[in-house]
Amino acid sequence: MKKTFELWDKETKKVVEVEAKKVGKEWKAICPKHEDNKPSLSINEEQSVYHCFGCQWSGHLYDPDHKRKENNARKLKIESQIIPIPKSQIESYAKALSDEGIQFLKEIRGITSEVIHKYKMGWCKEKQRFTIPIPWQGRYVNVRLYHPDKNPKILPISPGRSIQLFPEDQLKNNEIWLCEGELDTLCAISHGLSAITVTGGAGSWKEEFTPLFKDKKVNIVYDCDEAGRKGAEKIAEILSKVAEVKVVDLELGEGEDLTNWLVDYGKTKEELEKLASKTPVFEKLTEAQKKIKELAKQIKVQSITASDLLKKEFPSGQFWVEKGLLPKEGYILLAGPTKEGKTTLSLQLSLHLITKTTFLNQFPIAEEARILYLFAENTLPGLQKILQKQVNGAHQFGWQISTKNLENLILQPGHHINFDYKKGLQLIDELIKEHGPDIVILDPISLFVSKDLNKLENVTRLVNSLLDIGSKRNCTWIIISHYRKPSEQKTEPIYQVIGSSGFGNYCESFLGLERYHERRSAHYKILHFLLRQEETPDPIVLHRNPETLLFETVREQEAIQAGAKPEDIAKILKEKLGGKSSYTILVSLASKELEVKKGRITELLNEAREQGLIDKEKGRYGKWYVL
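In this text, residue positions in the sequence shown follow my numbering: the first is 26, and each later residue adds one.
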């Protein structure tokens with residue numbers, strides 16, 4: 026027969042576990058204190074002692090109540106030696122309390138004359154403090170000295186005075202309001218509540234207090250600060266074993282208390298009781314549950330009633346780009362098919378933002394911004410070519426972009442940053458901290474994650490992380506994304522975006538950049554909008570100048586007339602291919618030159634042949650030639 030024993034090691038003050046085997050009336054075990062080849066440790070369970078015959082290690086079995094009993098006995102001995110405070114001294118304090126002092130206690134602390142006299146509050150001339158005598162079991166064991174302007178505000182009349190419940194007469198009630206401090210308690214009693222406190226502060230609960238609350242209803246209303254919250258939770262855990270406990274959140278500012286609630290804000294006993302009735306009965310929480318609760322409190326602070334919202338005055342200038350295009354909070358989504366110019370357009374927008382010049386001739390820039398352009402798809406040489414053309418082109422049109430302006434556009438390679446991992450989010454947070462941008466562009470978002478963006482939970486987690494960083498660093502995001510592969514079913518542009526169910530739900534604005542028409546020049550685009558905070562404008566037609574790579578708005582008729590024509594095929598065949606070429610080479614070159622699809626080039630070949638501009642040699646592999 027084997028059994029595990031807990032032995033108390035008086036040298037290390039720790040519990041030592043050993044496994045023992047029954048031998049006669051005692052138990053034998055290998056001694057953990059020395060090399061023991063055969064069991065030399067003897068344990069007497071009846072006498073609760075152990076002894077090793079090898080190294081002489083000995084002591085008693087561990088008893089969790091043993092130390093508590095010793096401590097309680099020591100406390101009782103100390104308290105019995107405390108000299109009680111004479112009633113005559115208490116009476117002299119009470120007589121010394123002036124009318125001015127009474128007025129202060131009534132108006133500032135919310136304590137009635139009846140309560141002041143009942144609990145013999147007074148004034149100590151020597152200490153120049155208010156006095157609150159603490160009776161316990163028929164004698165005064167302490168006097169608490171209070172002054173609102175001294176530090177500490179409250180202290181015992183002399184060191185070593187015992188910690189007690191005050192006032193003890195309140196223990197007769199079935200429902201008790203446990204307050205933090207004597208002044209809050211007396212204020213609560215003055216307002217008709219059965220209130221009590223521990224005279225040593227939020228963290229001074231004693232074990233012998235617990236049985237006094239058996240089967241009672243206890244509402245804990247401690248101060249709204251870190252010490253108060255921790256103290257309330259600690260006592261709630263203890264009392265919940267014997268009573269029904271609620272920790273009532275007064276929903277006040279940091280550091281405020283019950284007196285603020287009742288006196289400064291003029292709330293009533295009935296309102297407090299209603300608040301307590303809505304408070305759930307305390308249950309001990311796991312660490313994870315505590316974190317959730319704390320997070321909920323932090324989020325709750327951000328809430329606002331409809332009444333307060335309508336009265337609130339928000340500062341002007343809530344947008345970087347006016348007409349609701351780019352707000353100063355949240356993120357916007359810029360998306361489109363591959364190779365349609367999303368990077369080029371976002372760089373042009375950046376140039377407008379750093380120079381405070383109107384974007385696309387219709388979206389004013391509210392103020393100059395600092396941009397962090399985080400790219401994972403392009404290269405620095407490639408971005409240099411785009412920017413060089415755009416800056417040179419801007420100068421041609423009288424749009425001045427200075428070196429100082431360009432210093433506010435920071436291009437940051439981000440090829441090794443992954444937002445799926447905590448390290449990646451910490452890295453972008455630190456980069457934003459270092460660069461100090463107003464706006465961060467992610468180009469494209471798909472290369473900063475490895476998880477499937479078509480799954481809502483992945484997008485939601487990503488967006489929440491970015492919004493947290495944006496809120497912390499006071500910056501806005503421009504997220505660049507791609508459309509899904511084309512399908513036969515036509516849908517709204519925003520629903521063609523990869524991860525649209527997540528990105529579309531949360532974005533403040535959406536810009537969808539597409540080719541105007543596959544039969545028209547690739548330099549013509551259409552830009553779709555969807556705005557959350559302003560009226561959504563109609564789509565606009567854009568022309569991207571191939572020399573400057575700058576987009577400009579044009580009339581739709583221009584885009585319609587700019588399509589490739591049969592004579593363009595004849596011209597390419599004559600000037601680029603010497604008047605004669607194979608089908609494969611001609612179609613490939615014409616598609617590239619005219620920026621239209623190869624299927625459209627085939628149609629144009631046949632149209633040019635019908636018009637007598639070109640013809641084809643006989644045979645399957647016959648070449649095309651100019652007439």
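Worth flagging that the hints you see were computed from the coordinates, not collected in a lab. C-beta atoms are modelled at their ideal positions from N, C-alpha and C, and glycine is treated no differently. Fair warning: there could be bad hints in the mix.
[What the hints assert, rightly or not] Quick list of in silico lysine to any residue cross-link-like pairs, SDA-like style, CA-CA up to 20 angstroms: (1) 590 <-> 562; (2) 112 <-> 231; (3) 239 <-> 263; (4) 599 <-> 554; (5) 299 <-> 263; (6) 178 <-> 164; (7) 38 <-> 112; (8) 643 <-> 622; (9) 458 <-> 425; (10) 315 <-> 262; (11) 63 <-> 38.
[As the list claims (entries may be wrong)] Label pairs and their in silico Cβ distance ranges: (12) 557 <-> 126: 36 to 44 angstroms; (13) 133 <-> 337: 43 to 51 angstroms; (14) 133 <-> 228: 42 to 50 angstroms; (15) 648 <-> 418: 52 to 60 angstroms; (16) 334 <-> 391: 21 to 29 angstroms; (17) 440 <-> 391: 40 to 48 angstroms; (18) 133 <-> 111: 28 to 36 angstroms; (19) 193 <-> 316: 34 to 42 angstroms; (20) 557 <-> 605: 39 to 47 angstroms; (21) 511 <-> 476: 18 to 26 angstroms; (22) 278 <-> 193: 16 to 24 angstroms; (23) 323 <-> 31: 50 to 58 angstroms; (24) 163 <-> 133: 31 to 39 angstroms; (25) 322 <-> 73: 41 to 49 angstroms.
Hints versus structure:
Note on residue 590 and residue 562: the hinted pairing is violated, with a Cα-Cα distance of about 32 angstroms set against a maximum of 20 angstroms. For the suggested pair residue 112 and residue 231, the alpha carbons sit about 26 angstroms apart, so the restraint of at most 20 angstroms is broken. Of the pairs offered as hints, the one joining residue 239 and residue 263 holds, with about 11 angstroms between alpha carbons and a cut-off of 20 angstroms not exceeded. The hinted pair formed by residue 599 and residue 554 fails the criterion: a straight-line CA distance of about 42 angstroms is larger than 20 angstroms.
Distance check on the hinted pair: residue 299 and residue 263 sit about 25 angstroms apart at the alpha-carbon level, beyond 20 angstroms; violated. A C-alpha spacing of about 25 angstroms is found between residue 178 and residue 164, which places the hinted pair above 20 angstroms, so the restraint is violated. Taking the CA atoms of residue 38 and residue 112, the gap is near 44 angstroms; set against the 20 angstroms cutoff, the hint is violated. For the hint linking residue 643 to residue 622, the alpha-carbon distance of about 26 angstroms lies beyond 20 angstroms, and the restraint is violated.
Using a Cα cut-off of 20 angstroms, the hinted pair residue 458 and residue 425 is violated, with the two alpha carbons roughly 29 angstroms apart. A distance of roughly 13 angstroms separates the Cα atoms of residue 315 and residue 262; the hinted pair therefore holds under the 20 angstroms criterion. With a C-alpha separation of about 26 angstroms, the suggested pairing of residue 63 with residue 38 is violated against the 20 angstroms cut-off. A beta carbon spacing of about 60 angstroms between residue 557 and residue 126 contradicts the range 36 to 44 angstroms that was offered as a hint.
Hint check: residue 133 to residue 337, Cβ distance near 32 angstroms, so the stated range 43 to 51 angstroms is violated. Judged by the Cβ atoms, the range 42 to 50 angstroms given for residue 133 and residue 228 is violated: they are separated by roughly 26 angstroms. For the pair residue 648 and residue 418, the supplied restraint of 52 to 60 angstroms is violated, since their beta-carbon distance comes to about 40 angstroms. The beta-carbon spacing between residue 334 and residue 391, approximately 23 angstroms, falls within the hinted interval of 21 to 29 angstroms.
Between residue 440 and residue 391 the beta carbons are some 33 angstroms apart, a value that contradicts the proposed interval 40 to 48 angstroms. As the Cβ distance of residue 133 to residue 111 is approximately 30 angstroms, the hint placing it in 28 to 36 angstroms holds. At about 38 angstroms, the beta-carbon gap between residue 193 and residue 316 stays in the expected band of 34 to 42 angstroms. Checked against the hint of 39 to 47 angstroms, the pair residue 557 and residue 605 fails, with Cβ atoms roughly 57 angstroms apart.
Our hint of 18 to 26 angstroms for residue 511 and residue 476 holds, since their Cβ atoms are close to 24 angstroms apart. A hinted range of 16 to 24 angstroms is violated for the C-beta pair residue 278 and residue 193, which are about 32 angstroms apart. Against the hinted window of 50 to 58 angstroms, the Cβ-Cβ separation of residue 323 and residue 31 comes to about 42 angstroms, which falls outside the hint. Checked against the hint of 31 to 39 angstroms, the pair residue 163 and residue 133 passes, with Cβ atoms roughly 32 angstroms apart.
Between residue 322 and residue 73 the Cβ separation comes to about 47 angstroms, which falls inside the hinted range of 41 to 49 angstroms.
Going down the numbered hints, you'll see the structure goes against 1, 2, 4, 5, 6, 7, 8, 9, 11, 12, 13, 14, 15, 17, 20, 22 and 23, while the others check out.
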